[in-house]
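S.K.: As a plain string of letters, each chain reads:
2 protein chains.
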Amino acid sequence: MKASIITIGDEILIGQIVDTNSVSIARKLNSIGIIVAEKLSIGDSAEAITTTLSEAMAKHDVVIVTGGLGPTKDDITKFTLAKIFNCDMRYDEREAEHICQLLARRGIAFTELNRSQALLPECCTTLHNAHGTAPGMWFDTPKGGALVSLPGVPFEMEHLMDDIVIPRLKARYELHDIVHRTLITRGIPESILAERISAWEDALPDYLHLAYLPAPNIVRLRLSAYDIERESAEREIERQFDLLHNLIGDNIVGFEGATVEQLVHDILCERGLKLAVAESCTGGTIASRFTAIPGASQYFMAGVVSYSNESKCDLLGVRPEDIERYGAVSESVALQMAEGVRRVAKADYAIATTGIAGPAGGSAEKPVGTVWMAIATPSGSRAVMRNSGTDRSQIINRASAYAIEMLYEELRKGGK
Amino acid sequence: MKASIITIGDEILIGQIVDTNSVSIARKLNSIGIIVAEKLSIGDSAEAITTTLSEAMAKHDVVIVTGGLGPTKDDITKFTLAKIFNCDMRYDEREAEHICQLLARRGIAFTELNRSQALLPECCTTLHNAHGTAPGMWFDTPKGGALVSLPGVPFEMEHLMDDIVIPRLKARYELHDIVHRTLITRGIPESILAERISAWEDALPDYLHLAYLPAPNIVRLRLSAYDIERESAEREIERQFDLLHNLIGDNIVGFEGATVEQLVHDILCERGLKLAVAESCTGGTIASRFTAIPGASQYFMAGVVSYSNESKCDLLGVRPEDIERYGAVSESVALQMAEGVRRVAKADYAIATTGIAGPAGGSAEKPVGTVWMAIATPSGSRAVMRNSGTDRSQIINRASAYAIEMLYEELRKGGK
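Sequence lines, in order, name chains L and Y. Going left to right, the first sequence walks through residues 918 to 1333 as our numbering numbers them. Going left to right, the second sequence walks through residues 918 to 1333 as our numbering numbers them.
Keep in mind that the hints were calculated from the coordinates and are not lab data. Keep in mind it's a predicted model, so treat the numbers as computed, not measured. Take the hints with a grain of salt, since some may be wrong.
No copy labels: a pair is met if it fits in one copy or bridges any two.
[Said to hold, decoys possible] Straight-line C-alpha distance at most 30 Å; calculated DSSO-like pairs for lysine-lysine:
1) Lys1283 / Lys1191
2) Lys945 / Lys1060
3) Lys1087 / Lys1283
4) Lys990 / Lys919
5) Lys1330 / Lys1060
6) Lys1000 / Lys976
7) Lys1060 / Lys1000
8) Lys919 / Lys995
9) Lys1087 / Lys1330
10) Lys919 / Lys976
11) Lys1191 / Lys990
12) Lys1283 / Lys1263
13) Lys945 / Lys1000
Using the sequences plus the hints, can you model the full thing?
M.R.: Written out as structure tokens, the structure reads:
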């Protein structure tokens, strides 16, 4: 059973938005055993929509389309669908009533444009959108498949997929299992990793497919199984990952979406240790990464974004004369920030960053990208300097990652 | 002149990664006048690559392909390209030397796998990748167009596009201008906005295409002009946006990627005012949004992520007895946090958040999503409560947006 995902909108083709809808739809289809064979993005043009949808329906059993269902003139998806399926439009009174009520709750007047959202192709099954004003549409295709058109607003699409489309697809088709599991490694370059595990890779059973996904300091290894019964596939993948553990155990971060901050989180929770963070150039990014994890309040005492020199002194006790002498971006100030936030927040461990995120503020001696990172622990503190690139957001993200990595290494040592 | 962008990788089709490469490539092609007619994502299968690339080359002048150029066995793009163009592989000594040097600088041994990255189809022009180990490839297509294959690592792809591909495309083809300009509105629902500006929309010249892009509290209006000389298109768009200013001036946030935090940034810089932030449930997200903007150090004094009750008292002077009496998520504590950070960071304005981000910690009286937001100004402080959803990351992001919006409204009042 194969599917096409088609996103409609000029905004995708000119690079104005990042398409996350198709990511979510792909995951949901995979989870019920439907293989996504292709993803396509096209513009708001009747010709492109007609050609692309017709071709996709001819090739694949399931076609999921998002976008182009808004109330304004540039939204033409449903009129084009009526032409493709050769039917008239009908006015759906139930949907009109729903739209009217929804807008009333939000204090918005019901307009002719909203009314037009209840106009739907006669030959489709309406998919009631409880969370928005654009209903979804389900069409049966000539070859016995389904074409589903959904609004592009992400949480409306999510709701329609979860509550209506996925259950209908499961009820209608007999689907085979697809299993994907990902193991996250850190600290080994892709080519070295591939050599270290080549014997393991060569011995994988034929039905398991291995993929390498590299990112800075991280390589993700994904094993995928198609058409194999879920439980035995999962058992075999688990066995294979256990074998990998013997080969590269020290470099394994975890599974699926595991991150280094999650590892730190787990260690801190397990050992009952408290964390504090002092950030200058990373501006709250490190704090937000930890506090994004449910349960962070068990150990995250406080973060201080000491952006100004005064706040470094007033909030963290950095000595003004050291800022004067060494500069705010210096080993001395980084150490005092880490030690200061550890003290004021009553934490066991603290990390600190101070650097030049640019684009202004660099010098020959301290170019943009220079970042000092410090860690303060129950047994002392230390600092390192790393150049973290040239682009502001890259510098912020890399410096955050380095600092979290530094903390992780320290905690690992402490645990042994 | 039209283009296809094709991204290769099973990880895209199973929804494991969000494709941002095609967003960036689309922008770059648009900027030199090449219309992106479609974007396609396919898996690491020789058959899918062969069919899709051949069809795209037949339809469009320019085809940009990313992904599948890594050193591991799942990367098959270049071998498939050699078959499509019916040529053998050659070993590029210059690239091998570069790869060897690059790895040496990073302290990584040169392996057979790395060596294989210098193996390239004979009939392509090598695009030297100064920043990575996978060279790009340029093929001339039978109909006089170009097919370009680039590595999927974003910054390597960016470099090759900017430094080699875009200049080559500009040199080879006579390209027409494409102009896109976007105006950001806030606070008017899409359907009401469409009615308020319908006379303006109807009077737009034929060569300007209007698109509506809604998001929570935001509608973006994009005007696009194709095949019109850039300067006159830009002049006309500017004139049209001026007309819109008369209709909905109070609701205009700005242009292109403008955000509410950018508006706050501009006002604070212009008036020489200082800002501080105290965050509990938003965990550093508000601080990171401001400090992501170049020049934030002009006004951003400090942020305090007072996650624990102790840190609310110790760092911000919140009264422990009020936390005891009203709870940490309360009007009283939000106000004391805002006033406290304003005082300790010596700022003119301060905002604070305290709420229940979940998934744990909710109660009947204060369910997950309850967030108190406060603002402290030179002339007093106030707080509001808003329920910000049910999902942790949604709550963090919405509460951050509400608090920034609250500050913006306050600054706008103050400026009048």
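S.K.: Work down the list of hints and note, for each, if the structure agrees.
M.R.: The hints, checked one at a time:
1. Lys1283 / Lys1191: Between copies only: 26 Å across chains, 33 Å inside a chain, cut-off 30 Å.
2. Lys945 / Lys1060: within (23 Å within a copy, 40 Å between copies)
3. Lys1087 / Lys1283: Classified as neither; 59 Å inside a copy, 37 Å across copies.
4. Lys990 / Lys919: between (33 Å within a copy, 25 Å between copies)
5. Lys1330 / Lys1060: Answer is neither: 61 Å inside a copy and 61 Å across each miss the 30 Å cutoff.
6. Lys1000 / Lys976: Both: 20 Å inside a chain and 24 Å across chains, each within 30 Å.
7. Lys1060 / Lys1000: within (18 Å within a copy, 33 Å between copies)
8. Lys919 / Lys995: Intra 24 Å, inter 26 Å, cutoff 30 Å: intra and inter.
9. Lys1087 / Lys1330: This pair counts as neither: shortest intra-copy Cα distance 48 Å, inter-copy 54 Å.
10. Lys919 / Lys976: both (9 Å within a copy, 25 Å between copies)
11. Lys1191 / Lys990: Result: close neither inside a copy nor across copies, 55 Å intra and 44 Å inter.
12. Lys1283 / Lys1263: The answer is between: 28 Å across copies meets 30 Å, while 32 Å in one copy does not.
13. Lys945 / Lys1000: Close inside one copy (29 Å), not across copies (34 Å); limit 30 Å.
Going through the hint list in order, the structure does not satisfy hints 3, 5, 9 and 11.
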